[in-house]
Amino acid sequence: MKRPRLTLIAFFIAVSGCLAPQPIAAQARDWTQVPIPPLSAFHPQEPKLIEPPTGMIIPLP
Amino acid sequence: MKARLLTPLSIILTLATLAAGQDIASFEKRITLKKLDNGLTVVICERPEAPVFSFYTHVDAGSTQDPQNQTGLAHMFEHMAFKGTDKIGTKDYAAEKVALQKVEVAYAAYIQERDKRMGRDEQKLKQLEAAWQAAIKDANQYVIPNQFSEIVERNGGENINASTNDDETNYFYSLPANRLELWAYLESERFMHPVLREFYKERHVVIEERRMRTNSNPVGRLLEQFITAAFQANEYHRPTIGWMSDLNSFSATDAQKFFDEYYIPSNMVVTVVGDVKAGGLMPIVEKYFGRIPSHAKPDERTTTEPPQNSERRVVLHEQSQPLYLEGYHRPDYRDPGDAVYDAIADLISEGRTSRLYRALVRDKKIASFSAGFSGLPGNKYPHLFAFYAFPLPGHKPDEMAGAIHAEIDKIKKEDISDDELKMIKTRAKANLIRGLGNNEGLAFQLGVAQARYDDWRELFRQVDRIDKITKADIRRVAAKTFVPENRTVGIIETAPPPSAEPSKGGE
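Residue numbers (numbering that gives the first Met the number 0), protein chains in the order written: chain X, 0 to 60; chain A, 0 to 506.
Just so you know, the hints here were simulated from the structure itself, not pulled from any lab data. Any given hint might turn out to be false.
These stretches of chain A come out as covered by chain X in the derived footprint (C-beta under 8 Å, 3 or more residues) [said to hold, decoys possible]:
#: 1; segment: 171-179
#: 2; segment: 286-297
EDC-like cross-link-like pairs, simulated, lysine to aspartate or glutamate; straight-line CA separation at most 20 Å [claimed, not checked]:
#: 3; chain 1: A; residue 1: LYS96; chain 2: X; residue 2: ASP29
#: 4; chain 1: A; residue 1: LYS115; chain 2: A; residue 2: GLU103
#: 5; chain 1: A; residue 1: LYS286; chain 2: A; residue 2: ASP36
#: 6; chain 1: A; residue 1: LYS33; chain 2: A; residue 2: ASP59
#: 7; chain 1: A; residue 1: LYS96; chain 2: A; residue 2: ASP137
#: 8; chain 1: A; residue 1: LYS86; chain 2: X; residue 2: ASP29
#: 9; chain 1: A; residue 1: LYS424; chain 2: A; residue 2: GLU457
#: 10; chain 1: A; residue 1: LYS467; chain 2: A; residue 2: ASP334
#: 11; chain 1: X; residue 1: LYS47; chain 2: A; residue 2: GLU48
#: 12; chain 1: A; residue 1: LYS286; chain 2: X; residue 2: ASP29
#: 13; chain 1: A; residue 1: LYS470; chain 2: A; residue 2: ASP397
#: 14; chain 1: A; residue 1: LYS470; chain 2: A; residue 2: GLU310
#: 15; chain 1: A; residue 1: LYS90; chain 2: X; residue 2: ASP29
#: 16; chain 1: A; residue 1: LYS256; chain 2: A; residue 2: GLU299
#: 17; chain 1: A; residue 1: LYS363; chain 2: A; residue 2: GLU406
In this text, a Cβ means the ideal position worked out from N, Cα and C, and glycines have one as well.
Let the sequences and hints guide you as you build the complete structure.
Below, the structure is given as structure tokens:
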């Protein structure tokens, strides 16, 4: 009787650990401890080019 | 000819492109607003065009909240907010804390002796001043100067600064998008654990600022005396920079009390605009800013300025360019006529088609510049709508008065033209769009609208209100406001060169 109970408890502990909301990382106590992720890739939006008959090119963001 | 048409065409196309998506509906999708449990308001606007963000921390306290005999304290605290925290800017905070307490004890003893009305002991005063200076020297050994700003700049920070006016104090800078958590740490620590180190050194910086902008500047002197004359009861009569005797008296302890009363979450709005995701940023903001203890919002009462019933005049005789300035009391920004005042300011001041430019500069050729504007000295409380003109050589301030009054009379008595009304409305929209052009401008405007109206959407509704203005509205508001008994006049008359007399001493 004891074994299954322990297994069940262990199972519930394991499951509850997985299902519990992920805790937010602890507050940094010093500015040097604040995590800095890499800067995501920057893909600037291509401007739309308007070319009137005069030959001038007008880039519109 | 075709080429000439292209410039206005390209401007229209650019504005049209910018305007698309610059309305409430498009911002609703990108803005997240949350009031944290401690009362702090957070506004997040997602604008992922470039991997950067800007923020504004708006504190609903300006020089209007300066305590009696402590004018300049709101501005002084703004300077102190760059001095670091108990973890930034110090070599050993435990020892520094004790040293700073000793500075305050020594300063209190010095001030008590200095300000005795009777029986001041000059010898004792010198000893007390020396003891205070020695305590400052001792505290300074623990300081790491400018560390707060250096951390921001080392992490790619741009335009780190702050501003204080009569109505509010704002703190701002921009960072790369991957520094969001660092920003949340720095900004929350700054307002949780500020350390007022180097206070008396920074007080000297502020005193120099006053000497430079007001005492040594004829226009600064005129403005200060003009505002003091126009406001006799309301707190607007006190200069934001502070009176010299107050600057020479208040202490770090006074600044800490000001901070404790006004720098509380319910009195602050933090706005972040840029390459951020509200879903990711809000938990970070809650984690750091949520630590700041909550307090009830401070008392918002101010003294109501009684109606003015006769003209007031301030005339300065200075060896400088002459200047004519006049102001009329008007209601605060919540007044239904607020947009009408904006329309009048636009009509008389915007560009070379404006009425004051055309009349005083182009046609009469009596002034180098002339304009009018609302918001003097602030706009949170009833304030002034002002007109001014710089006379050209050979012309006197009184001529400016006559020409300005002739233009005011036209606005009061005659409808403006259809073209003028259309221009005002078009420019209101263009000005709004221009103001939203960068993250910093948008963060500032959203933050102020949220703080003032408790709704950031009001930023966009002001344009709708201007759109509804009629010619009759302009005549009605002008006729009610621009009357002689509601007027305060400020004049700089050019004084002759000095004789051999000693110069006037400053403060």
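### Message
Under the constraints set out in the numbered hints, which ones does this structure not fulfil?
### Response
13 and 14
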